[in-house]
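Protein sequences appear in the order of chains A and B.
Position one of the first sequence corresponds to residue -17 (this note's numbering), numbered consecutively onward.
Position one of the second sequence corresponds to residue -17 (this note's numbering), numbered consecutively onward.
Think of the hints as simulated: they come from the structure by calculation, not from any bench.
Each hint can be trusted.
You can't tell identical chains apart in this list, so a pair holds if it fits in one copy or across any two.
When the alpha-carbon atoms are kept at most 25 Å apart in a straight line, the in silico SDA-like pairs for lysine to any residue are as follows:
#	residue 1	residue 2
1	K517	Q484
2	K276	D464
3	K276	E498
4	K370	R413
5	K183	L7
6	K276	A468
7	K517	W373
8	K517	R438
9	K276	T534
10	K517	N433
11	K517	L448
12	K517	R413
13	K517	V421
14	K276	P474
There are 2 protein chains.
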Amino acid sequence: MIPSRWIPLIGWLHGYRGEVLARDLLAAVIVTLMLVPQALAYALLAGLPPEVGLYASMLPLVLYALFGTSATLAVGPVAVASLMTASALSGIAMPGSAEYVGAALVLAALSGLVLLAMGALRLGFLANFLSHPVISGFVTASGILIAASQLRHLLGVEGGGHNLLEMLGALVAQWRVIDPLTLLLGGGVWAYLWLCRGHLKAGLVRLGTTATLADLIAKAAPVSAVIVTTLLAWGLDLGGRGLALVGEVPAGLPDLALPGLDAALWSSLLPAAILISLVGFVESVSVAQTLAAKRRQRIDPNQELIALGLANLGAGVSGGSPVSGGFSRSVVNFEAGAATPLAGAFTALGIAIATLTLTAPLAYLPKATLAATIIVAVATLIDLPAIKRTWAYSRADGVAMLATLILTLVHGVESGILVGVGLSLGLHLYRTSRPHSAVVGRVPGSEHFRNVRRHRVETDERLAILRVDESLYFANARYLEDTVMALVARQPGLAHIVLACQAVNLIDASALESLEAINGRLRDAGVSLHLAEVKGPVMDRLAHTEFFHELTGQIFLSTYDAWRALHGDGIDPTFACPARASNEP
Amino acid sequence: MIPSRWIPLIGWLHGYRGEVLARDLLAAVIVTLMLVPQALAYALLAGLPPEVGLYASMLPLVLYALFGTSATLAVGPVAVASLMTASALSGIAMPGSAEYVGAALVLAALSGLVLLAMGALRLGFLANFLSHPVISGFVTASGILIAASQLRHLLGVEGGGHNLLEMLGALVAQWRVIDPLTLLLGGGVWAYLWLCRGHLKAGLVRLGTTATLADLIAKAAPVSAVIVTTLLAWGLDLGGRGLALVGEVPAGLPDLALPGLDAALWSSLLPAAILISLVGFVESVSVAQTLAAKRRQRIDPNQELIALGLANLGAGVSGGSPVSGGFSRSVVNFEAGAATPLAGAFTALGIAIATLTLTAPLAYLPKATLAATIIVAVATLIDLPAIKRTWAYSRADGVAMLATLILTLVHGVESGILVGVGLSLGLHLYRTSRPHSAVVGRVPGSEHFRNVRRHRVETDERLAILRVDESLYFANARYLEDTVMALVARQPGLAHIVLACQAVNLIDASALESLEAINGRLRDAGVSLHLAEVKGPVMDRLAHTEFFHELTGQIFLSTYDAWRALHGDGIDPTFACPARASNEP
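With the rest of the complex left out, here is chain A (with noise of 0.2 Å):
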């Protein structure tokens, strides 16, 4: 027996009941209607041919509701993911080719292992590293780029460039040539859809329409322009005046086959496939996140890096492209009532059966139509005052998002989001290379320490106490050891130095020897070490040490109680009192 743990699915089926069947069902409707252009767009944005979008949209939808733990992420094609296949294939083939399809399948089973991997090893918290001001500038550029590349849709020009001034500079030289038809339909339809999206759902609000229906029917504007283009396409044979058309998608499901299985194409596409992995999953979770709490649900991150490696692995082996959740489809998924993962199997259903009936009435759909639909949807992506919000906050945080944002327009996306990622990490390692610590004094008649610098505290030119901020480990052990000596090469007349451990939680093999380091070269300045404050498994650990057999000082339970024994060292000794243990010779 295979335990729900695995397979989710096996969990939730049995209470599964009429009520939740007829939920699922609405919204699988409801998402396949917005499903069936995006899947289109997003194909026409990845360089492939329209159907990979509808395969994508199949088997990977399935594979997640099985193992999926979120019930209405939606699962499929996304623009994020489908720039990067983009740019990943730009080098590899020619778009369209078969040779760049092959790619794309290639490229979506990749990214499956390498989730699965993640999945298998519990690494989803390698995804943490991608921090959030990161993931903002990358997705803000994301956004900037997708629309700037099917600009050229809309206005009915060749396009090209690998960055967002050569893209601008492709459009500008042929702006002789822009097809006036063209324009004027990709141009309505974006300031139609531009519109529905600002002002449908209000007006409708206005009208007396609930604020979730209105909401939806906003959201389904795409579906109204696609069947009004698509029907002005074919009754007025725009095609034949120069519009460019979707064209014959293949009718029937897809073959199930594996991809290519060239060791050197899969190596070369490896990086790419590990980036699209961590965004991918990086947003699905958040999404599946976000909407789970709002129902007091809750997610496994690492059983979505199996779900996800899954829904991909289905992609690669079903004519797919790389598939995640997608923002706007989870959203309209959880707010037509998605109540479990089968939402999305009925969804992979709709798109099966539209993917059967509706290919010949899409091959008239005009590609300005996908390309204004793309502009219109990505626009939510890009977020510029968060760069601001961001710098105001965080100066260190702001670079990040900036160099990210600006790299990934101006050089690609995979260089911006290895740049970022690398700064941030840099920035983690610097900051954790340096523990916060500060000398404290005791405030006067009390029993609190406060820092030397920002209180008026009691000190004693003899006795020095560190309160020491952070666990310590490899990476801040040796600046705790210049910490220490500069404190005795500044304070000639020091006897004592106390440690207060209160922030620390752990002290790893190399803060252990830097303790030990610190406690031999104290001792031959003639300076004694003592704790204070250590937490009780930091001392289970300790006592089994050298280092606590050759500790010069004491271990005090208390800070104050150091200050009491310590202070009075050769002025008052009525002061001293015994500590808990002593190792003194």
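Once you've looked at the hints, dock chain B against the given chain A.
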């Protein structure tokens, strides 16, 4: 005027007196006696002609004396750097060839540039990521590898192999051709040195010598072995009887010349140069700090980067190989009374005199003598009990140490140290991705709060207090989200969550967004989020954020204030009291 900060020599030279000069000169004589055979031996180990070791002991020492901050660090060729040099160059050219020697110069110059760049960018903290267990495992493995590589000189056979198994295999395969004369002489020297190291000092002390003098005499034992075996080889013409000798060493000082500027060679040696620099820097700083502390002096790690960088650059332009601070020579230098870095410059002078006058006799020095010297010297590097000690203290550190040790032995120095650093970093990232936190309850009748799992405390099913024990930043922010949402999912009656932040020194932009997400999700779930014990600087930053204004709960000065205000929630309103800042709607 160049400030003394950049050239520390300026700072102390004007106070230089006759008495200090005498101490420095004495130390220089003793270190020179020790360094001549070591310089030849380490050149042998690195696969370089003997004069390269001598050249690496002149200009680099002068440059370190000018720019270094340690009065006693003895710079020059060392065992581990020589092993790493041999490993880095083994794929480039035949040991001993002109190409091989040229590559060694490039390696030294590159190491120098890496160190200088780290110093200029103040990246010394990067060395912290070589954790103690990784360094220790690596040094032990290096010691074993070095000893194994020198056995062939004691046996008079051909050697070979890039790892321990191959080296021992090559020796076993040649057991039939072992040269008895070489084994006799080499084994004799080894036994003599081993006895001197173990027993000479104790014996001399028993005969009435002072401990320091006895120690110096014991450490000069290799010099007597060199003199005796050189005289034997010359007098008995042992070279003619099959004993391998050092052979002709060019007399005179090295020429100054830039190393070859072959871009492919430079880039292929860069990774090795980075590793040699980091390991050398860590070892040098640790020796220098230990010795400086005994005299209550300080060294400046960033200035050490500059000084060691210039020393290596000097080696690269004067025919030398990579250098760093040696442990045993530095200790001898310290114990012999070296008072300023000038002792090192005088040592360089001593080596120059030796190079000008002693090359004729040194030609008769048996290689077996040098090999025995190396084997006895590196025995001090091998610290096997450290493995047991580290394993007992921390399983994770033990794994990193063992992995480094084993990989270095069976796969080579570079992969060993890289995997060790990777493991340490991975472990570090994993640890920091899970901030220590605890749900706390009130110690009955007090204002203290303790972990509910460890203590018998008062709790409240409508109120959860989570004590956060670490700073919050991108690496652990999402884990906090998980922890809080798990708490809500577990405790259905929950109405208030208090985050007690006494240990939070920093909330970065990612953590701020996580707090916003937590606040939003809790609001959706009908739970208020409160903060308590927020530190001043953290509060100052939070005060200007959206999070602060949208916080559903309050900010309390102390955990006890929060308890008093919220514990009564809906039960006994008389407990409620006004808090410092309320944003409740």
